[in-house]
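Take a look at the letters that make up each chain.
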Amino acid sequence: MERLTFDLATTSLRELNTFLHTDAREGKVEAVTVVNPDGAHNIAVGLDCPITVEVVGHAGYYAGGMNKSATITITGSAGTGVGENMMSGKVHVKGFASNGAGASAHGGLLVIEGDAGLRCGISLKGGNIVVGGSVGSFSAFMAQAGTMVICGDAGDALGDSLYEAVLYVKGSVKSLGADAQFEPMTDADIATVAGLLDKAGLDHDPKAFKRIASQRSLYHWNADANQEY
Amino acid sequence: MCGIVGLLVKTPALRERLGELMVPMLIGMTERGPDSAGLAVFGQPLPESERKISLYSGLTEDGADFNWLGLGHELKAHLGVSAQVEAKGNHAVLSFSLAPEVVKRWVKEHYPRLHILSTGRSIDLYKDIGTPAEVAARYGFAGLKGSHLVGHTRMATESAVTPDRAHPFTAGEDFCLVHNGSLSNPNGIRRMLEPRGIRFETDNDTEAACRFLEWRLREGDDLEVALQKGFEELDGFYTFLMGTPDKLALIRDPFACKPAVVAETDDYVAIASEFRSLAHLPGVKHAHVFEPAPEEMYVWNA
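Which chain is which? The protein sequence lines are A and B, in order. As numbered in the working numbering, the first sequence has no gaps in its residue numbers, which increase by one up to the final residue, 235. As numbered in the working numbering, the second sequence has no gaps in its residue numbers, which increase by one up to the final residue, 283.
Be a bit skeptical, because a hint or two may be false.
What the hints assert, rightly or not - Here are the simulated DSS-like pairs of lysine-lysine, each with C-alpha atoms no more than 25 angstroms apart in a straight line:
#1 B:57 <-> B:85
#2 B:266 <-> A:100
#3 B:89 <-> B:126
#4 A:205 <-> A:131
#5 A:216 <-> A:205
#6 A:180 <-> B:210
As the list claims (entries may be wrong) - Far from chain A by the CB rule (all over 10 angstroms, computed), these chain B residues:
#7 59
#8 87
#9 172
#10 272
These are computed hints drawn from the structure, not numbers from a lab. Ideal placement from N, C-alpha and C gives every residue a C-beta, glycine not left out.
Model the full assembly from the supplied sequences, consistent with the hints where possible.
This is the structure:
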């Protein structure tokens, strides 16, 4: 397997991303290592081939955004919008992630071993997110499809205005958002959580998670609700 | 959008290198704030009876050619005070043994276009329009020494791009604040403070936050109590970083709309809007790096 290293202290980010969009796509290398990312924005965005990218250090905004097919690992922390709008593949953050992680992801798997900031999985559209730590407030806001597994705690208004995405939380939930509700765990839920934990490489008892899904009471306009939900 | 940076050195030897370590932090935030930059640096306090003020002459007719030594002579002639003058271009720090109100009143009467940047025993303040690199070079930021500092790079959204609307803002003595974000109730805060005799110098929203918090401190609140009242009264988006002679403090609004990241080692605490401003710091690869939570108070002692 051929592996190429890009040092962002001496090579421009544009050179790296251009390589990932052209040579890498043509199958010239199987793996790329990025050293000295130093918080640069837009590292390995829009990838469209089954390459492996390891970012050694802290990434800035939108790392691995719009990812398709690639496997991207960030050994440090990730800034705002890591893995946003991912289509497939995997983005794995070993440290913590800032706000809006996995926002609007259509597919693929986002793993955050540490804590995630606010609005994690906002408007999730089919992707899967596993957070080893806790998530901030307003996570999974208006999440439409996909699954979130949260091994720590959740902040305020978890799953506000949730559609058909399903959330699993092991720790405490500070508050649920409008229309989100706890539901009993079925065997199928336990299997789903077990499968995602396994893919994420995290060791937790899948039976210890609680299921949160939509009450679907916001799906239809209710003139008698008086704006109280 | 704006960038904030803060640096507090724990190792006394690093006080000599405070400015040198900070300049890349400030320049790292150029994309977030290319129109103005500034910083407040806190050093060894003057004796109890002395005060210093930082002054900016860029708005006067003479600009960077302002006659600072002449100003010193006039203060001697009119007020009988021997002021020590440290001047560089359009900026000077005047130190003296007199009530600062007396000196500031005289300056405002005789040189109304001279802008008073700060007052205190520990604080020196610099701010101007231009890119962070230009402003840093203009005032020799790399040579600054001290225990901690608060810096800012501005991309104006709430008021015009002028030197007096750049950050940090100050109020009272030895207190400054920088802000990334925008407040939605600055005029309400002004209407509450102005009848109490608190005067504003600009129409900038950050000035309202700065004067509100300094007012609470002056009324006897400790920093934590003042910040708690800030959470209750100040509405909008903010990451605030504040400096006092012995503390750096940081708060973020409940929605964490504006970023902040902290890197802490045995030698220093460094704060910035984004990690890319911290990446050059010595030992940062092994630092404890974390994101401050919304609606939490973070206070570091110098």
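For each hint, the structure was consulted:
Note on residue 57 of chain B and residue 85 of chain B: the hinted pairing holds, with a Cα-Cα distance of about 14 angstroms set against a maximum of 25 angstroms. Taken as a hint, the residue 266 of chain B and residue 100 of chain A pair is honoured in the structure, with Cα atoms around 14 angstroms apart against an allowance of 25 angstroms. Proposed proximity of residue 89 of chain B and residue 126 of chain B is contradicted: the alpha carbons are some 29 angstroms apart, above 25 angstroms. A distance of roughly 19 angstroms separates the Cα atoms of residue 205 of chain A and residue 131 of chain A; the hinted pair therefore holds under the 25 angstroms criterion.
For the given pair, residue 216 of chain A sits about 19 angstroms from residue 205 of chain A by alpha-carbon distance, which is consistent with the 25 angstroms threshold. Taking the CA atoms of residue 180 of chain A and residue 210 of chain B, the gap is near 23 angstroms; set against the 25 angstroms cutoff, the hint holds. At roughly 52 angstroms from the closest C-beta of chain A, the C-beta of residue 59 of chain B stays outside 10 angstroms, upholding its exclusion from the interface. With a closest Cβ-Cβ approach of about 47 angstroms to chain A, residue 87 of chain B is found to remain outside the 10 angstroms limit, as its non-interface label requires.
For residue 172 of chain B, the non-interface assignment is confirmed: its Cβ lies about 30 angstroms from the closest Cβ of chain A, beyond the 10 angstroms cut-off. In this structure residue 272 of chain B is not separated from chain A by more than 10 angstroms, as the shortest Cβ-Cβ distance comes to only about 6 angstroms.
The structure fails hints 3, 10 (numbered hints given earlier, in ascending order).
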